[in-house]
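Undergrad: Sequence:
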Amino acid sequence: MDWSRLLQVEPPSRLRILWQIAPDRTPQPDPAQASEIELVFTSTPSGGTEVPLTHDAFERCGEAGADYRTEMASEYGWPLILAKFTEHALKG
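Per my numbering, the sequence shown starts with residue 1179, numbered consecutively.
These aren't lab readings, by the way, just hints derived from the structure by calculation.
No experiment lies behind these values; they were computed from the predicted model shown.
Incorrect hints may have been included.
Label-pair distances were calculated between CB atoms; the ranges are [as the list claims (entries may be wrong)]:
| # | residue 1 | residue 2 | range |
| --- | --- | --- | --- |
| 1 | Glu1188 | Asp1245 | 17 to 25 Å |
| 2 | Thr1204 | Lys1262 | 18 to 26 Å |
| 3 | Gly1226 | Arg1194 | 34 to 42 Å |
| 4 | Ser1221 | Gln1186 | 36 to 44 Å |
| 5 | Glu1253 | Phe1219 | 19 to 27 Å |
The C-beta atom is built at its ideal place from N, Cα and C for all residues, glycine as well.
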């Protein structure tokens, strides 16, 4: 079962992904009802990489789209997901 699809790749700086996770956190098999995520990789002066994440197209999620946007922006949405990802990545 798909939970995402790669929409666009611009090596080495950009990915756009169809996010097939519904507002109730179940897989969304219909791409027309999926939101989108964009990652842009930018070099920093210190030699690191900054990767801002944009999650949009919530209107495709129907009536629950506005609440879904709010939930993903809350401390239990992307901030938590990205903190856990960073924690895992730093463990090696």
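Undergrad: Hint by hint, say whether it matches the structure.
TA: Evaluation of the provided hints:
1. Glu1188 / Asp1245: 17 to 25 Å: The hint (17 to 25 Å, Cβ to Cβ) is violated, given that Glu1188 and Asp1245 are roughly 31 Å apart.
2. Thr1204 / Lys1262: 18 to 26 Å: Since the Cβ atoms of Thr1204 and Lys1262 sit about 20 Å apart, the hinted range of 18 to 26 Å holds.
3. Gly1226 / Arg1194: 34 to 42 Å: Given about 22 Å between the Cβ atoms, the range is violated.
4. Ser1221 / Gln1186: 36 to 44 Å: Violated, since Ser1221 and Gln1186 (Cβ atoms, about 20 Å apart) do not stay within the stated range.
5. Glu1253 / Phe1219: 19 to 27 Å: Roughly 25 Å apart at Cβ, these two residues keep to the hinted range, so it holds.
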